Amino acid sequence: MTAKLADPGALARYRDALGDLRSPRQEVIAVCVGTGCRANGAIAVYEALRAKVEALGAVREVEARATGCQGFCQGGPLLLLVPEGIVYEHVRIEDVSEIVEKTVLGGEIVERLLCVDSATNLQCRRDEEIPFYRHQQRLLLRDNGLLDPTSIDDYIALGGYSALSRALEMGPVAVLEEVKRSGLRGRGGAGFPTGRKWEACRNASGDLKYVVCNADEGDPGAFMDDALLEGNPHSVLEGMIIGALAMGAREGHVYVRQEYPVAVERITRAISQARELGLLGEAILGSELYFDVQVSRGGGAFVCGEASAMMASLEGRRGVPRRRLIHLSERGLWGRPTNLNNVETWANVPHIVLKGSGWFSSIGTEGSTGTKIFSLVGKVSNTGLVEVPMGTTLREIVFGAGGGIPDGKAFKAVQTGGPSGGCLPADRLDVPVDFDTLEAEGSMMGSGGMIVMDEDTCMVDVAKYFLRFLASESCGNCTSCRDGLALLHDLLGDITEGSGTRQTIALVEELADTVEATSLCALGTSAVNPVLSTLRYFRDEYLAHVDEKRCPAGVCKALITFSIDAERCNGCTLCAARCPQDAVIGEKKQPHTITQGLCIKCGICRDVCKRDAVLVQ
Amino acid sequence: MSETQATDTGRVAAVLARYPRHDPGDLVNILHDLQAEFRYLTETALQEAAAYLGLPPAQVYGVTTFYHGFHTEPRGEHTCTVCMGTACHVRGAPRLLEQLERDTGVAAGGTTPDLSLNVEEVSCVGACAIGPLVILDGDTHGHMTADDLSRLVTKLLDNEGRE
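Protein sequence lines, in the order shown, are assigned to chains L and S.
Sequential numbering of the first sequence, starting at 1, is according to my numbering.
Sequential numbering of the second sequence, starting at 1, is according to my numbering.
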């Protein structure tokens, strides 16, 4: 067992010793094993690489390292060579020997594994040349590619926990002032000023105070908190320790979604590593600070992302939100002063303490400082995690980093803010992305999900999708939310099934207003945003459904038919073989046809057709 | 008490012993661990957890049924989960789930009568970039089509049948 670090000086010496252990010429091959790359076989690539390095006896000079999410999920499995900054994409086990022999030992680049800039058709030799990375400012995410998230030494070697040393030197009041001056706002969705929240908790009376990290990232389509917690758990933990110092809190909780088992494992390990080194527990770094953290798993309820519901869940009760007549900062977990911040918010704290509030507030806009991580997903060429300064336009994100829409399709909308957010159309692409602008446009920042939709996405279907989600996630406490959302979902169902009229739309709007006005927590009050924003920007699509009984995007099953283009069909019989209904008929090498009465519109024929001969109208 | 019940009680006690503080705040964590042990939450397990934490059984049952992650009915050996997150939805996830439901004859949330497969949906697993995706016994399969899914599940269940 390692000895506890007695004071900040001991931490600095520990870091220096780590530096001496690592040869300055050491080459690191960082394999991304974040959620996306893992699903693409990155772990096998990492293991093959490690075996190769060991077989060469080059362990001292070359380190194969499994890292957290490097962001560029589209290119996975991804491999980053440090210090050169060479990025290889779509790496397979078969490529491993060549990479080690040519690039690592021979200094030669394996060109076929380089990313190609689709705009210029040029190969990108270094990470900063890749369009996806070029448009970013990766304050929080950069270290994800540089450290092994299971090693506290890697974090410390990169300067980790020096912000804690600095904070102990500054003292609680100065730390609080620094965070207030930085203008940091909560990254979980509401955008409340973090410093003010901290101050309220610090000023609240009570001996035992709690700090909680909200890692119940429930917004479908958002995974930045998962990436931070998996990829750099100590940065979140360091932020929490600094927060505990500033607020005088003694106990901390990390509330993680059960759907993120790797994040649970990483943060749990990080906590025990920090305890061993004396960075958690009694007399942290020899100071008077006592603070310890435990991990609590969620149970799979979206509403637990709401602060008061999370407190209930942490107390072993049903996650039902309560009226917050008294702020959680005064009466939160177990009735004691509690401060809750989101993962990304906590991860910003060490940077602010170390580099100062002036530096932090110089990034972003006046009202929204710093960077924000977005998960750029859906119908976009480069999917992954994008970290940009606040105030970057949607266009720069979707078309710059994201590389636009694939397959030559037209952009239709970008959905921000998760189920409580809204869909913004093409003529809103130039709005700057910050807390206040998005809200003024009828959407919101939320936790940073950004789902791109193209011409094949039906906006009525999307609104219905969110209502289905929220209706099933409503805790059931308020009638308007419990029954209102279910009813709204049914009304949109009528529209997508062709039985809706203009009156249905009017009823949807009226009911949406009622739900918004009469629900207790944000789940209910903001649940109507996807409906209202799609009605605001895509009313034409709703009208096509009710007036012409037509789904322009070709999604709503009751309003579309599948047919086969006789010109394109070469009678390969693939669709006929795979059709679960035996609805496709035709002779070999002759154009096929679909028997409409049997067709269930499952779309398999379109998926398997190699000649794009299946038409949807 | 039957022999099986006695073994179950022993296994429950072993899980509960990981939480020596008897803190009601550990309830959700305990339920996760118990479910990992038995695949679902048995009545015995719930009652013993309640007694251990000094909570009314009604509260423990209420918590169990409130969260989507907990099951009170016997569960199948394998689990196939279709991600229904927004990013997967716009890339056609509903068609995957429909296919799985057709192939197995079981609606999402259910288990095949022979307890071989659970059919599940999840709201997002954070691998949106490779959607639509399916998780089969913990392994994530990205960029799925209804046809791929059909083959994947058929292969799994066929192999089971042969063993």
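Just so you know, these hints were derived from the structure itself, not from any lab.
Quick caveat: nothing in here was measured; it's all calculated off a predicted structure.
Think of the CB as a built atom: it goes at the ideal place given N, C-alpha and C, for glycine as much as any other residue.
Watch out, some of these pointers could steer you wrong.
Short derived list, chain S residues pointing at chain L, Cβ under 8 angstroms [stated by the list, open to error]:
(1) A36
(2) F38
(3) A50
(4) G69
(5) H89
(6) S123
(7) G126
(8) V153
In the DSS-like style, the derived pairs of lysine-lysine whose C-alpha atoms are separated by at most 27 angstroms in a straight line are [unchecked claim]:
(9) K409/L / K610/L
(10) K155/S / K610/L
(11) K155/S / K102/L
(12) K601/L / K589/L
(13) K601/L / K588/L
(14) K588/L / K610/L
Here are a few chain L residues that sit away from chain S, every Cβ distance over 10 angstroms (derived from the structure) [claimed, not checked]:
(15) A6
(16) R38
(17) L105
(18) E128
(19) Q137
(20) D148
(21) R322
(22) L429
(23) T514
(24) D540
(25) T573
(26) G586
(27) D612
Cross-check of the supplied hints:
1. A36: Since the shortest Cβ distance to chain L is 11 angstroms, the answer is violated.
2. F38: violated (16 angstroms)
3. A50: Where the cut-off is 8 angstroms and the nearest Cβ of chain L is about 10 angstroms from A50/S, the hint is violated.
4. G69: Holds. Min distance 3 angstroms.
5. H89: holds (5 angstroms)
6. S123: holds (5 angstroms)
7. G126: With a minimum Cβ separation of about 3 angstroms from chain L (threshold 8 angstroms), the hint on G126/S holds.
8. V153: With a closest approach of 13 angstroms, the V153/S hint is violated.
9. K409/L / K610/L: holds (18 angstroms)
10. K155/S / K610/L: holds (24 angstroms)
11. K155/S / K102/L: Roughly 39 angstroms between the alpha carbons, so the hint for K155/S and K102/L is violated.
12. K601/L / K589/L: holds (24 angstroms)
13. K601/L / K588/L: holds (23 angstroms)
14. K588/L / K610/L: holds (15 angstroms)
15. A6: holds (29 angstroms)
16. R38: Contrary to the label, R38/L does not stay out of reach of chain S, its closest Cβ about 7 angstroms off (not over 10 angstroms).
17. L105: About 32 angstroms separates L105/L from the closest Cβ of chain S, which puts it past 10 angstroms; holds.
18. E128: Fine: 21 angstroms to the nearest Cβ keeps E128/L off the interface.
19. Q137: The claim stands: Q137/L keeps its Cβ more than 10 angstroms from every Cβ of chain S (closest is about 20 angstroms).
20. D148: holds (20 angstroms)
21. R322: The claim holds: R322/L sits with its nearest Cβ about 15 angstroms from chain S, beyond 10 angstroms.
22. L429: Check passes; 18 angstroms lies beyond 10 angstroms.
23. T514: Holds, because the least Cβ-Cβ distance between T514/L and chain S comes to about 25 angstroms, which exceeds 10 angstroms.
24. D540: holds (19 angstroms)
25. T573: holds (14 angstroms)
26. G586: holds (19 angstroms)
27. D612: holds (15 angstroms)
Hints 1, 2, 3, 8, 11, 16 from the list above are not met by this structure, while the remaining hints are.
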